[in-house]
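Chains as they are written, first to last, in the working numbering: chain A, 1 to 446; chain B, 447 to 723.
Treat the hints with caution; some may be incorrect.
To give an idea of the interface, some chain A residues facing chain B are shown, with a C-beta separation under 8 Å as derived from the structure [stated by the list, open to error]:
(1) Thr53
(2) Gly289
(3) Asp292
(4) Ala294
(5) Ala298
These are computed hints drawn from the structure, not numbers from a lab. Glycine included, every Cβ here is placed at the ideal spot set by N, Cα and C.
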Amino acid sequence: MRAHYGKVTAAFAMISALALSGCSAGGDSSEAQAGAEAAPCEASDGPVELNFTTWVPGMDKVVELWNADNPDIQVTVQTGPNGNSGTYQNFFNQIQAGNAPDLGQIEYDALPNFRVQDGLENIAGCEGVADAQDQFVDWTWGQVTFGEEDSVYAIPQDSGPMAMYYRADLFEQAGIEVPTTWEEYAAAAEKIKAQGSYITNFPKSDVNWFAGMVWQNGGQWFANDGESWDVNLTSPESEEVATYWQDLLSKDLVSTLPSFSDEWNASFNEGQQWTWVSAVWGATTLSSGAPDTAGKWAVAPMPQWEDGEEAAGNWGGSSTAVLKGSEHPAEAAKFALWLNTDPEALALANELGGLYPAAKSATDLEAFAGGVDYYGGQKIYDIFADASANVNPDFTWGPTMTQTYTDVSDGFGAAIGGSGTLTDALENGQQKTIDSLKSQSIPVSE
Amino acid sequence: MSRSAAMLIMGVFTLYFLTPIWWLLTTSTKTGGEITSTAPLWFTADSLGTFFGNLGRLFTYGDGLFGRWLLNSALYAGVGALIGTIIAAMCGYALAKYEFRGREAIFNIVLSGVLVPATALALPLFLIFSRVELTNTMWAVFLPSLVSPFGVYLARIYAAASVPGELLEAARLDGSGEIRTFFTVSTRLMAPALVTIFLFQFVAIWNNFFLPLIMLRDQALFPVTLGLYAWNSQISQIPELRSLVIVGALVSILPLIIAFLALQRFWSSGLGAGGVK
Numbered sequence: 001m002r003a004h005y006g007k008v009t010a011a012f013a014m015i016s017a018l019a020l021s022g023c024s025a026g027g028d029s030s031e032a033q034a035g036a037e038a039a040p041c042e043a044s045d046g047p048v049e050l051n052f053t054t055w056v057p058g059m060d061k062v063v064e065l066w067n068a069d070n071p072d073i074q075v076t077v078q079t080g081p082n083g084n085s086g087t088y089q090n091f092f093n094q095i096q097a098g099n100a101p102d103l104g105q106i107e108y109d110a111l112p113n114f115r116v117q118d119g120l121e122n123i124a125g126c127e128g129v130a131d132a133q134d135q136f137v138d139w140t141w142g143q144v145t146f147g148e149e150d151s152v153y154a155i156p157q158d159s160g161p162m163a164m165y166y167r168a169d170l171f172e173q174a175g176i177e178v179p180t181t182w183e184e185y186a187a188a189a190e191k192i193k194a195q196g197s198y199i200t201n202f203p204k205s206d207v208n209w210f211a212g213m214v215w216q217n218g219g220q221w222f223a224n225d226g227e228s229w230d231v232n233l234t235s236p237e238s239e240e241v242a243t244y245w246q247d248l249l250s251k252d253l254v255s256t257l258p259s260f261s262d263e264w265n266a267s268f269n270e271g272q273q274w275t276w277v278s279a280v281w282g283a284t285t286l287s288s289g290a291p292d293t294a295g296k297w298a299v300a301p302m303p304q305w306e307d308g309e310e311a312a313g314n315w316g317g318s319s320t321a322v323l324k325g326s327e328h329p330a331e332a333a334k335f336a337l338w339l340n341t342d343p344e345a346l347a348l349a350n351e352l353g354g355l356y357p358a359a360k361s362a363t364d365l366e367a368f369a370g371g372v373d374y375y376g377g378q379k380i381y382d383i384f385a386d387a388s389a390n391v392n393p394d395f396t397w398g399p400t401m402t403q404t405y406t407d408v409s410d411g412f413g414a415a416i417g418g419s420g421t422l423t424d425a426l427e428n429g430q431q432k433t434i435d436s437l438k439s440q441s442i443p444v445s446e
Numbered sequence: 447m448s449r450s451a452a453m454l455i456m457g458v459f460t461l462y463f464l465t466p467i468w469w470l471l472t473t474s475t476k477t478g479g480e481i482t483s484t485a486p487l488w489f490t491a492d493s494l495g496t497f498f499g500n501l502g503r504l505f506t507y508g509d510g511l512f513g514r515w516l517l518n519s520a521l522y523a524g525v526g527a528l529i530g531t532i533i534a535a536m537c538g539y540a541l542a543k544y545e546f547r548g549r550e551a552i553f554n555i556v557l558s559g560v561l562v563p564a565t566a567l568a569l570p571l572f573l574i575f576s577r578v579e580l581t582n583t584m585w586a587v588f589l590p591s592l593v594s595p596f597g598v599y600l601a602r603i604y605a606a607a608s609v610p611g612e613l614l615e616a617a618r619l620d621g622s623g624e625i626r627t628f629f630t631v632s633t634r635l636m637a638p639a640l641v642t643i644f645l646f647q648f649v650a651i652w653n654n655f656f657l658p659l660i661m662l663r664d665q666a667l668f669p670v671t672l673g674l675y676a677w678n679s680q681i682s683q684i685p686e687l688r689s690l691v692i693v694g695a696l697v698s699i700l701p702l703i704i705a706f707l708a709l710q711r712f713w714s715s716g717l718g719a720g721g722v723k
């Protein structure tokens, strides 16, 4: 799942800044850092009612399955716009007001923010949670524990392993090899430009896509040693990715349309884009946005930085977190585990909501077993399953991702407009992120 | 400036404002795929059929949620604007027609309320409503909508100008109580202002987005603005929503157009009738 940053978000940011300065000035963040102990997690007596806020379509139907089998733990589904479009800010407001839902859907890149603001219940002590680790793809488990001892703050829900969608027919007609390394990708970009098309589109506002690229390259943007945060937007791996795309941009080998816009869809539909390096959920974005190209696409692993490697990045994915103040963490954790491991629940969540589960058992699901017509009958989910296993398990998101995304995206926009480079944008984002952490009294190591 | 230059400028602006609405109209007659693949400002061969198809899906999708949202909006905006107008009228009238201590202070405070954007009040309101456990209920959106500082301002100015003191004296001499005089005599004289306040309130509540976004969780309570926004934020997961959001946006502005057309009559006729002979 991805974020859209619009005016509304900007308005939200302003309001929340007001709210935070008014209500949570004081040592909230440092308290959160210190209090890592698992809270007691005992089952409640008698019937329990839980609230679960999610924006995944069809989740109410999934929860109906649970409610039918668990008369003592009834779950009510509440909904709203997706996280960055307002629901996260609502969570923070509700936590402040003490009436947050028991469970909330939170994307991995937003989790550290909730952690730092002490918005999550530690459910490590709840029955079955600690043992569940093996059931989830390694990197997703790292996302919900933050590497702390005896800590689990959410149950992984879905993930977005990345691969390369490409126009098999066009590559074949033009006699261009499907690139397997980034070097070949750049070479192919020139040949495709000569044919009057673009190899792909550079998404200036999807900074989490760019982070997925850095992730694939073994880079890290953030690290947390339990005491302070390390900000590393300008690591060599990160700069390598920036230099690479800057080169393609400078030579006008990639287009710069706003992602997911109508023009963007149209350019795919009309064959002006030959590849899209994207996440597993992109499969339906493509098939619905570019219906005229059905049957012409195929999926291959991401191009590699070194020949013969198999690294993959990740773009998106979310977890089911137990929010601070829930009176029934044990039951909430039980439900969250069921929701994200039960085969029937996973299958339905995929069918209705398009989620690609974070549970390892996803590969057994029928929905991912067969070929997909839009992709010429290719069994594309096998590629994504492999990619999922090849995602670096130790990637850490920072506690102020929304702000970091905005700053870097502004810089990307400037670079596309011809002033500065992608590397400048990262340097600028680095500085602003450090400033923002400091202004919120979140310790930064320099 | 010459007449033709003025016409040209107005023409350009008219085009500028109407183009998005025209786009909305043409695009709502397209399927999801056609939105990207056909000319954006013109219809397709099967426009009418697709439009009714879209409309049908709009009202059936998610067990008829959209119809529910429309009803909610009508309730919030219709009843809210009506009660809001009455409150504003009474308040403005009292400020204009009665002498009492602190009158100007109250008026100035109300007036300063015009300057505070509703968005800035949403979060404090949320915290207050949380305290009394009214969040995620219809009241959370309805109650704050009743207040209109601008309406009070307008009602006062208009009452001062259009309700003659002599008339009130006469009513009192005839034995009419103050409340009865207000409802039978004064409101009629103030009618144009009241229609204006009602329209302003109606549009403001209908378009209010931030307050419901903060207050409501249960999508059965959403007004149409928030519902469409939530759908729009899910397009990446359910692409079929794209055409529904567009048709939904078109349908959602119809009540505003109807309200304007229906009330415009009272507006202009009332303006003439308000004078004193």
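Is the hint on Ala294(A) kept, meaning its closest Cβ partner in chain B is under 8 Å away?
violated (10 Å)
Given Ala298(A) was flagged as interface, is its beta-carbon under 8 Å from a beta-carbon of chain B?
Violated: closest Cβ of chain B sits about 20 Å from Ala298(A), beyond 8 Å.
The hint names Thr53(A) as touching chain B; please verify it with the least Cβ-Cβ distance against 8 Å.
holds (6 Å)
Holds or violated: is there a CB of chain B closer than 8 Å to the CB of Asp292(A)?
holds (6 Å)
Any CB of chain B closer than 8 Å to the CB of Gly289(A)?
Given a least distance of 7 Å, the restraint on Gly289(A) holds.
Violated hints, listed in ascending order, are 4 and 5; each of the other numbered hints is respected by the structure.
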